[in-house]
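As given, the protein sequences belong to chains A, B and C, one line each in that order.
Here our numbering = 1-based position in the first sequence + 374.
Here our numbering = 1-based position in the second sequence + 16.
Here our numbering = 1-based position in the third sequence + 38.
It should be emphasised that the hints constitute simulated quantities derived from the structure, not laboratory data.
Keep in mind that this is a model prediction, so the values were computed, not measured.
One should not assume that every hint holds.
Selected chain B positions facing chain C (in silico; Cβ < 7 Å) [what the hints assert, rightly or not]:
hint : residue
1    : Tyr40
2    : Ile42
3    : Ala43
4    : Phe46
5    : Val138
6    : Ser139
7    : Glu209
Beta carbons: idealized from backbone N, C-alpha and C, even for Gly.
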Amino acid sequence: MLKTFKLGGVHPAENKLSKNSPIERLPVPKRVSVPVGQHLGAPAKPLVAKGDMVKVGQLIAKGEGFISANVHSPVSGKVFKLDNVIDASGYRRQAIIIDVDGDEWIEGIDKSTDISKDIVLDQKAIINRINEMGVVGLGGATFPSHVKLMVPDGKKAEVLIINGVECEPYLTSDHRLMMERGEEILIGTKILMKGLGVNKAMIGIENNKPDAIEHMTALAKEYEGIEVYALKVKYPQGAEKQLIKALINREVPSGKLPIEVGAVVNNAGTAYAVYEAVQKNKPLIERVVTLTGKSVKKPSNFQVRIGTPVADLVEAAGGLPEDTGKVIGGGPMMGKALLSLDVPVVKGTSGILIMPDEESHRGEVANCIRCGKCITVCPMGLEPWLLEKVVMHEDFDRAEKERIMDCIECGSCHYTCPANRQLLDYLRLGKSTVGKIMRTRRK
Amino acid sequence: MNDVVLYAVLSLGAIGVASAIVLYFIATKFKVIEDPRIDEVEEALPSANCGGCGFAGCRAFAEATVKQGNEKHSLEGLNCPVGGNEVMAQVASILGLEVEEKDPLIAVVRCNGGIKNSPGKVSFEGATSCAFAHSLFTGEGGCPFGCLGLGDCVAACDFDAIHINPDRMIPEVNDKCVACGACVEACPRDIIELRPKGRKEKRIFVSCINKEKGSVARKNCTVACIGCSACFKVCEFDAITMKDNLAYIDPFKCKLCRKCVEVCPTNAIHEINFPPRKKKDGDTKKTGKTLAVKHPEKKKVVVVEKVDLSGSVKKEVKPVEKKVETKKPQSATEKDSGKEKEG
Amino acid sequence: MSLFTISGSPHVHSDTTTKKLMYSVIYAMIPAMLVSVYFFGMGAVRVILISVIASMLFEYLIQKYLIKGPATISDGSAIITGVLLAFNVPSNLPSVILVIGAFVAIAIGKMSFGGLGKNIFNPALVGRVFLLISFPVQMTSWPVPKPLFAKSLTDAITGPTPLGALKEELKKGDTVQQIMDNGVKFIENGKEVVYHIPSYMDSLLGDMGGSLGEISAIAILIGAVYMLLKKVITWEIPTAYIGTVIVFTGILWLVDPAHFVNPLFHLLTGGLLLGAFFMATDMVTSPMSSKGQLVFGLGAGILTVLIRVFGAYPEGVSFAILIMNAFVPLIDLGFKPKRFGEVVKK
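Using the sequences and the accompanying hints, generate a full structural model.
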């Protein structure tokens with residue numbers, strides 16, 4: 375019996391079109407726009423001005439505050455200007471725009487692909503290095519990784535969980551990364567274990583990637599304390615709380631962090647970034663992005679510099695299909711629809727999904743028939759139909775009582791609703807309003 | 017007569033009398049002694065219970081006025097925007113006090129984008145809620161400050177005073193507005209402002225709140241304030257201030273000279289209820305724009321119903337030719353036709 | 039190229055729609071429909087057709103002229119109401135009464151609340167109970183089933199339902215065993231006719247008096263399995279409902295087998311299976327969480343047995359479900375699904 379989480383879940387068509395395309399390195403673009411707020415938390419503060427020359431790996435914006443992350447230049451060249459560009463958030467945000475000139479790296483970065491296995495740094499140095507190199511969670515939430523390694527007083531980490539689930543349909547970047555950089559991910563895992571002070575790590579991979587499970591299991595034999603687990607295919611297994619439930623059968627209490635149950639979850643991609651940061655001294659300036667879609671000529675996995683416009687990736691995959699109706703940054707269940715192809719790739723961009731027009735529209739909204747399917751599929755045990763209703767009636771106290779803040783916005787309810795109710799739209803609206811109310815109450 | 021009927025009538029009557037006596041004693045025993053003036057004040061109020069005064073309904077406002085009148089002997093800070101000066105004078109006379117005359121206010125929509133001046137670059141699908149769309153993206157037209165056209169203000173209005181114009185997809189305020197401020201509160205982008213109605217209802221205001229640089233703002237909207245300061249320079253009364261690439265006209269300083277309207281290169285400054293200007297060439301645009309707001313009743317407007325019990329948002333649109341559906345399809349064709357009309 | 043669409047996630051949708059769910063229910067009712075036509079002939083065809091057509095017509099008219107909303111007639115819910123109403127009446131019911139029933143079901147039971155999804159009570163049952171109270175004679179004269187290709191065993195045209203006959207005779211003081219052995223005597227057209235309580239096999243197949251849809255247990259079970267496989271209904275309500283009836287009647291039977299009939303009889307006769315699988319499980323009028331559904335089934339089961347055994351009516355399924363419908367909002371409020379990471383209160 376394969377492990378999985380218990381409550382709810384759906385199984386959308388997987389459509390992993392690009393699972394057999396090896397990771398391809400894209401050439402450095404002519405101009406990059408590097409947003410300063412690519413992570414959860416306060417945006418970084420720019421350290422460069424218009425006209426400055428920068429090199430690859432140079433720190434160009436410094437993280438401000440506890441939850442923030444550094445931003446490094448992904449290219450070498452001249453700072454064209456600091457301006458607001460539309461990013462994946464749908465709004466114009468501050469970004470550093472750099473005109474590329476050559477590919478000159480700052481000193482101290484090991485550009486070779488040799489695998490370096492010995493972990494020389496101690497726990498504190500590891501956390502510092504991860505912080506310096508601007509590593510954030512690459513699964514999509516972009517939570518600064520060093521913060522995760524700092525266990526608060528009174529809590530104890532028992533196990534590190536590496537998320538290789540990739541439960542989003544279409545996306546394959548983690549899958550390919552595990553296939554091609556498995557060794558590095560395992561060393562990264564070891565580093566994270568050391569940074570966290572635990573001697574046990576679990577890698578969870580969904581059963582629709584048998585090749586990755588086999589590959590990682592074989593590799594993990596040489597690493598003490600790391601075990602690979604095959605998981606039943608069920609969305610949203612990649613969600614932190616659901617993955618913890620699936621692997622160690624503990625439920626993170628409402629409103630608490632995973633450390634409450636002694637677990638820390640990191641993405642497989644993050645483990646790779648940690649490896650590069652600690653062993654190669656390389657900041658997070660590149661990431662693997664899946665470019666896929668049913669009409670895309672060549673669904674691919676690209677390794678690109680941060681700040682590359684999405685249009686470059688689309689071009690490399692055979693151009694924008696004629697019937698494009700929607701371009702999504704991320705997967706189809708949780709990704710954000712992009713306003714244009716000028717949006718830059720950021721640290722949290724795990725994929726770009728191009729949807730044909732006929733699939734990119736919503737069905738007509740009908741009356742709720744109280745079928746209860748939204749309750750059945752909700753992985754958090756909420757009642758989306760009720761929350762939708764109370765949010766529509768602006769009864770936010772009731773929404774809070776019905777635990778709207780527990781919603782992880784996985785979209786299972788919206789996906790499954792036979793009446794096409796726009797459940798998640800209203801849940802999001804309710805969450806943001808209730809969040810505001812709670813913040814003002816605390817003051 | 018049948019005995020049964022008699023007994024029934026008698027016993028029921030007896031129960032009735034007994035209950036009446038009990039109720040009478042309870043009512044006298046637990047009587048709440050209230051200042052009778054509260055009732056009088058409440059009577060004078062418009063009973064709209066809109067909350068525009070900042071209190072939970074007219075009764076609460078009446079209580080507050082009487083309380084404050086007793087304690088401070090003034091009605092300062094208390095105002096019923098719906099009733100206006102007339103009602104406040106009445107309230108004051110009940111309490112034996114006096115109030116200052118206040119300029120009556122009206123809600124003003126400070127965005128003129130809509131589908132005509134800021135045509136969609138993407139199309140939105142989803143919950144018919146400005147607040148949600150605001151959290152999702154800049155808006156179809158690309159302006160992060162502009163009106164989203166989904167009618168949160170319309171749903172908030174209790175007075176049937178604000179409606180989305182289906183040709184432009186931005187709200188228009190008619191003269192039913194009582195300045196209760198519900199729409200101001202509802203707008204996630206703070207586009208609506210309460211401004212004095214002005215002498216003879218004449219008003220001049222900047223119909224834009226975009227703080228972006230002129231070039232960026234202009235890219236998304238043809239009638240954006242680009243922060244060129246032309247109006248600032250031409251104003252003789254210091255009524256215009258410039259901040260964050262945006263002009264603002266202080267309604268209390270504005271003398272309605274209309275010079276700023278003329279100089280604005282993007283027609284972002286609106287004049288309302290002014291007589292048409294003497295003919296000058298190329299002036300048609302402005303009068304046209306003025307007309308649009310001047311005769312709100314003559315315009316056919318969208319009637320957007322509020323959330324009904326099921327929670328589904330119904331929108332009914334008159335005239336029939338243009339249909340705005342629940343999921344707000346705003347298809348490209350619809351927008352294109354809008355553009356054609358304009359061009 | 040069209041404009042990019044912007045919407046919140048998720049950007050994919052499952053292919054279940056309201057319409058598909060409704061039509062699955064209709065397909066599930068086909069076996070029972072065929073059985074009714076087999077045993078009651080053209081009468082059954084007439085009742086089903088009139089009921090469905092009248093229901094759809096009333097829904098269409100009300101939607102168009104009173105609610106003035108978008109047409110919802112194609113979603114199939116009116117067809118379900120029509121068929122269920124037909125399933126709950128005898129096959130010789132006059133057409134006028136049937137049309138009145140359809141009107142009450144659709145206009146009062148469903149559309150007056152705002153249409154599909156908003157009604158509190160199961161519309162078909164509202165119509166049925168209205169007819170039962172208003173036209174008790176017509177609603178309880180059950181034609182004796184006459185299989186299409188077989189010769190009828192009795193000359194009687196109408197006869198009682200097994201539950202009705204049993205209840206009448208028990209009132210007279212006979213024991214269950216006597217009734218089972220001797221049958222029930224009643225007078226029709228001046229002649230004395232003996233009505234024999236059908237065997238379990240008969241009631242399994244449907245050879246007994248009763249409403250159109252309730253006679254054949256097998257046909258209903260086939261439909262139920264189809265619906266369970268299609269995930270149109272969940273197991274909770276039928277299980278709790280039937281389980282409760284079996285346990286409750288079982289206890290009574292064990293205590294006094296002479297005066298209480300055994301659970302199997304309760305299970306196979308009357309509308310219990312039809313009610314448990316097709317009417318109690320109506321999504322709109324049943325609780326949404328699985329705990330709530332169990333409670334709903336439990337309540338309906340207890341009420342059904344109470345009415346059948348101790349009440350005035352021989353059959354209690356319709357009333358039991360309607361009464362439980364009224365409790366649904368309360369059940370939804372009280373029985374929340376299990377929340378993830380629930381903090382246990384100390």
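Evaluation of the provided hints:
Checking Tyr40 of chain B against chain C by beta carbon gives a least distance of about 37 Å; that is not within 7 Å, so the hint is violated. At its closest, the beta carbon of Ile42 of chain B sits 32 Å from a beta carbon of chain C; the interface hint therefore is violated under the 7 Å criterion. Annotation: Ala43 of chain B was flagged as interfacial toward chain C, and the flag is violated, the nearest CB pair being 34 Å apart, outside 7 Å. Look at Phe46 of chain B: its Cβ only gets to about 32 Å from chain C, farther than 7 Å, so that hint breaks.
At its closest, the beta carbon of Val138 of chain B sits 5 Å from a beta carbon of chain C; the interface hint therefore holds under the 7 Å criterion. Here the hint on Ser139 of chain B is kept, as its CB sits about 5 Å from the closest CB of chain C, short of 7 Å. For the restraint placing Glu209 of chain B at the interface with chain C, the shortest Cβ-Cβ distance is roughly 28 Å, beyond the 7 Å limit, so the hint is violated.
Checked against the numbered hints given earlier, this structure breaks hints 1, 2, 3, 4, 7; the rest are met.
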